[in-house]
Amino acid sequence: DTGVSQNPRHKITKRGQNVTFRCDPISEHNRLYWYRQTLGQGPEFLTYFQNEAQLEKSRLLSDRFSAERPKGSFSTLEIQRTEQGDSAMYLCASSPRVNTGELFFGEGSRLTVL
Amino acid sequence: DAKTTQPTSMDCAEGRAANLPCNHSTISGNEYVYWYRQIHSQGPQYIIHGLKNNETNEMASLIITEDRKSSTLILPHATLRDTAVYYCIVRHGGGSSNTGKLIFGQGTTLQVKP
Chain B
9 DTGVSQNPRH
19 KITKRGQNVT
29 FRCDPISEHN
39 RLYWYRQTLG
49 QGPEFLTYFQ
59 NEAQLEKSRL
69 LSDRFSAERP
79 KGSFSTLEIQ
89 RTEQGDSAMY
99 LCASSPRVNT
109 GELFFGEGSR
119 LTVL
Chain U
167 DAKTTQPTSM
177 DCAEGRAANL
187 PCNHSTISGN
197 EYVYWYRQIH
207 SQGPQYIIHG
217 LKNNETNEMA
227 SLIITEDRKS
237 STLILPHATL
247 RDTAVYYCIV
257 RHGGGSSNTG
267 KLIFGQGTTL
277 QVKP
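Same order as they appear, the protein sequences are chains B and U. If you're matching positions, the first sequence starts at 9 in the working numbering and goes up one per residue. If you're matching positions, the second sequence starts at 167 in the working numbering and goes up one per residue.
If you're looking for bench data, these hints aren't it; they were derived computationally from the structure. Wrong hints could be hidden among the right ones.
Just a few of them, taken from the derived set where beta-carbon distance is under 8 Å, the chain U residues facing chain B [unchecked claim]:
{"no.": "1", "residue": "196"}
{"no.": "2", "residue": "198"}
{"no.": "3", "residue": "257"}
{"no.": "4", "residue": "270"}
Calculated from the model, a selection of chain U residues having no Cβ within reach of chain B, i.e. all distances over 10 Å [stated by the list, open to error]:
{"no.": "5", "residue": "234"}
{"no.": "6", "residue": "269"}
{"no.": "7", "residue": "271"}
Derived contacts from chain U toward chain B, CB cut-off under 7 Å, selection only [stated by the list, open to error]:
{"no.": "8", "residue": "178"}
{"no.": "9", "residue": "215"}
{"no.": "10", "residue": "273"}
These numbers were taken from a predicted model, which means no experiment stands behind them. For every residue, glycine included, the Cβ atom is placed at its ideal position computed from N, Cα and C.
With these hints in hand, go ahead and build the complete structure from the sequences.
As structure tokens, then:
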């Protein structure tokens with residue numbers, strides 16, 4: 009499968025723990041996006057990378073959240089000191105350099121904070 | 167990017183056409199209309215997009231009114247697998263200088279019934 013891959017698919021953690029999600033975009037897609045989705049809501053934009061550069065961050069991305077894309081390929085999203093409000097689906101998407109508006113989404117990583 | 171308004175939910179009989187409306191009265195001349203759908207527990211999936219002409223692909227047709235203030239996504243022969251949340255999104259066209267991010271609303275939940 010050559011689509012966007014996200015791991016882990018499910019993560020259950022206790023409040024206060026740190027968690028990290030990984031996204032492997034489609035090969036040669038230089039644009040990468042992270043979104044968060046809570047139950048009954050549409051996906052909310054978190055951050056955007058072009059190659060290894062993080063070019064945009066939403067106000068939703070608090071200080072406890074950090075995202076990286078060290079070599080312009082895979083990306084990680086880390087949440088430190090998780091809170092129950094962080095429980096959500098975290099979606100990753102990628103698109104080619106010349107963007108036509110078609111974002112390719114992964115299946116998401118579901119986080120449950122107890 | 168212009169705001170969109172969609173009905174919260176719709177039903178459609180299996181085998182019939184599903185017509186999903188979207189209002190985007192503040193759309194500007196260089197903004198495109200995109201449609202995505204999200205099947206339960208999956209990431210959003212691109213369906214179609216257009217600027218001012220009607221568009222058709224293997225998944226759906228997009229009808230944009232002449233004044234571009236509204237559009238309709240048509241699934242010509244809905245199946246049970248088309249049950250999903252459908253998002254209408256307006257944003258500037260692509261190009262290497264545009265971030266390409268999408269801003270999702272709450273979408274329309276389409277229930278296809280046997």
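Okay, the hints, checked on the actual structure:
1. The beta carbon of residue 196 of chain U is not positioned within 8 Å of any beta carbon in chain B (closest approach about 12 Å), and the interface hint is therefore violated.
2. Given the 8 Å rule on beta carbons, the hint for residue 198 of chain U holds: about 6 Å separates it from the nearest Cβ of chain B.
3. At its closest, the beta carbon of residue 257 of chain U sits 7 Å from a beta carbon of chain B; the interface hint therefore holds under the 8 Å criterion.
4. Hint status for residue 270 of chain U relative to chain B: holds, with the closest Cβ pair at about 3 Å, below 8 Å.
5. Even its closest Cβ contact with chain B, about 16 Å, leaves residue 234 of chain U beyond 10 Å, as expected for a residue assigned away from the interface.
6. Non-interface status of residue 269 of chain U relative to chain B is broken: a Cβ of that chain comes within 10 Å, the nearest being about 6 Å off.
7. Non-interface call for residue 271 of chain U relative to chain B: violated, since the shortest CB-CB distance, roughly 5 Å, does not exceed 10 Å.
8. With 7 Å as the threshold, the beta carbon of residue 178 of chain U stays out of range of chain B, its nearest partner Cβ sitting at about 21 Å, so the hint is violated.
9. Given the 7 Å rule on beta carbons, the hint for residue 215 of chain U holds: about 5 Å separates it from the nearest Cβ of chain B.
10. A cut of 7 Å between beta carbons decides the hint on residue 273 of chain U: the least distance to chain B is about 6 Å, and the hint holds.
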